[in-house]
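From first to last, the protein sequence lines stand for chains A and B.
For the first sequence, counting from 1, position 45 maps to 45 in the numbering used here; every step adds exactly one.
If you want the numbering used here, it's the 1-based position in the second sequence plus 158.
Hints were generated in silico from the structure; no laboratory data involved.
Straight line, CA to CA, 25 Å or less: simulated DMTMM-like cross-link-like pairs of lysine to aspartate or glutamate: (1) A:K93 / B:D243; (2) B:K421 / A:E17; (3) B:K662 / B:E614.
Taking CB as the label site, the calculated pair distances span: (4) A:K120 / B:S407: 51 to 61 Å; (5) A:K12 / B:D436: 56 to 66 Å; (6) B:K844 / A:K120: 38 to 48 Å; (7) B:D784 / A:E67: 18 to 28 Å; (8) B:E196 / A:P13: 56 to 66 Å.
Using N, Cα and C, we set each Cβ at its ideal position, and we do this for glycine too.
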Amino acid sequence: MKATVSFVLNGKPVTVESPRDRMLVWALRDELGLTGTKVGCEAGLCGACTVLVDGEAMPSCSTALGEVAGKSVLTIEGLAVEGKLNPVQEAFKEHHAFQCGYCTSGMIMAAWAFLKKKPKATRSEIVEAMEGNLCRCGAHVRILDAVESAGKAMGGAR
Amino acid sequence: MRRRDFLESVAAGTLTFFFTTPLGSAPIIPTRPGAYPEDFNAYLKIAADGRVTCMVGKVELGQGAMTVLAMLVAEELELDPAKVDMVLGDTDLCPWDMPTGGSLTMWHTAPVLRGAAAEARAVLLRMASRAMGAPVSDLVLKDGAIWMKSAPTRRTTFGELVQGRKLERHLGKVKPKPLADCTVIGRRVPRKDALAKVTGAAKYAGDLRLPGTLHACILRPPAQGQTLVSADTSAAERVPGVRIVRDGSLLAVLHPQPDTARKALALVKGTFEGPEPDVDDARIYQYLVDKAAPGQRVVISRGDVAVGEKRAATVVEAEYRNAYESHATLEPHVSVAQWEGGRMTVWSSTQSPFVFRDAVAEALKLPGDKVHVIAQFVGGGFGGKLAGPDAVEAARIARQVPGVPIQVAWNREEDFFLDGYRPAAVVKLRSGLDAGRGAITFWDSTVAGVSQGEAELAYEMQTSRYQAPTVSSLHPLKVGAWRAPNAHTNAFARESQLDALAAKAGLDPVTLRRRLITDARLLNLLDLAVETFGWEPAPGPTGRGIGLACGAWRQGLVVAIAQVSVDKATGAVKTERFLEAVDVGLVVNPDGARQQVEGAITQCIGQALSEEIRFKGGRILDKNFDTYLLPRFSAIPRIQVVFADTGTSVTQGIGEPPVVPVAAALANAVFDATGARVTHVPFTPKRVLEALKQVPAK
Ligand code: FES
Ligand code: FES
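Use the sequences and the hints to build the structure in full.
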């Protein structure tokens, strides 16, 4: 059933006409034109589609539009502020923490959601936080290094 | 290169490493193709504002082609690599090239591009010399400008000299700068794709969103090899906005929304026909051996194996296996096609734009110049995106809806179902060591499922026999090239076997290899690996869980050392530490090369421990990442990478070599930890437990 769903996207209010059970990722990519969020499995298994909903990392492939009504959604496109990269983006860029880059948006979003709560995380806490995100190219070691250094840059030096 | 020529070159063996055929021949070192244009203008454009654009038929798969190729141009033209704009994989704009695979970019394309840039530099200097009335020896070229040493205020720029025109002058072969003068090669350079990839701005084929795009979801048979007989589309057609397109046995449901197209497809009822092979993932090994048996022939033979066996004091006989493995790129296959003005444009996630172009042209019976393939950022390849079935599907559908962009994006289940897997394989080895424990007296190898490609390494084996089947259609499932095809299967068998021989003879595995290695480069690399890791010689199993293996891809050499812990109760293997020492000649982009090695180690931990396609007949049972297990963060060890300092030797590619010895090193580490020899890749907990049961009680 067509419905109107309103939420805040990357700081700005948006309204989409779509069934409430439509998955958020399709609305983001198709209706709203934000293709930085990727699709890898459509089943909550790979993390490529990770976005933040009210600050929590969520797989947008398995999150219905109805669930985000009235909430705040943050995607990779909303991270940099006035052209200045977010600390996690900056660290991924510096460490070359990607190869093909297809997992990267999801990795950065998952890391950001985690570090905001816990910038002083240990390496094993970071591993645990990132466990739901797959990378086929094997950029894992650099991703962990990048998340660790982003945490430090955010004032979480241990 | 037209399709016919392409196929001819395949037949001639020049491309055999891309398409793993179960034929018995070892991969032939490809001759350099003659199809690269001589005119450097094909690769380089200098705009009126002086900006340099480089066009190459390779693509950016994540391996860093965009950055390393820009480095080569920047080196010769004395620019910051950031100032070289790269156009990759556009069949209209870029000169023909082979697929991006087989570690060919640095080996084939790089010297051509470097030569083109060197010639362009020489031409620019001559033009400046004429314009300024100064000898070339008095000119300095830097950052897009040229000035006189004797009068530094007298300067001109690339833009002024060229004025947006094509460079007409040619000087033939010009030598690139000597290595000692290089300032870009060998330096850490920021990846050119970094900003786009960390901001989500990087466009992959599925991100295009051309106005009016229809998303096409295709009806698939339940089993590989089956075709559509009839279909009832009435329920799907009742979904508003749905359109059905049929072209022979291809049936697609089109809709402006990808998810709606997918849901409508579920309403289509199809009947299919076609035989299903009577085999599954458990019986596949015997199936391959039986099917290969009548066609086995000797492909390499030295000395008399029977005589060699009589001289052996220690004999080991074993059968090594590996399962079908998927490429499982995180980005599934995706192409967008549009038929307009008598021309088909296809935007693809592709490793081989020119192969895709020819495949589309052939399928649609169009001349090659009526097809334009444009590669986008590719979300991983690994040999899985060489052929273009998705591009052909999109083009066939697009041909029927003129003007409308058609996107075919496989979902994960389709990607597993339609992939051309790393072939399952069986390698039977029987070999012996002399009483002095310094010589292999015989080595007898028979494969089924792969070729004997890269089966040999620089080990002294005077008496050896290698057999491989001539039968070409051995596999019940579709197979393809999976990063370093054949080589990882054969290295797993060979290096496990050497380890087993060493253990049986009570010899340290490194000591045995030192006695056998005949090549100075490999010996140096072994020393480098062993020293960096801190290997302490001892016959296995030592209980430390450390294993070593060597491998090669063409002239690229790798020595890998793994350290594992094994949970004897569950059979789970945890990789604690992994080191690779790599010799690929001159390393142009050290950080990029390191990334390739780190990635290969990580990826192959999955290959070794968990990745396996399960199937029954033509039905693929793995449909998503819940059962097909890629390594996650908790599986990643501490990784160390060291490069041999090989001075100026020819640059080999680095995509393949670091893949080759990973599973073997891990298997040898499992043996060292437990005394159990795992011979079946992946060595899942269940297989490790089975191997543990075979260990004789002390
Ligand atoms: S696409 Fe959403 S978790 Fe994989
Ligand atoms: S960089 Fe390719 S999947 Fe992570």
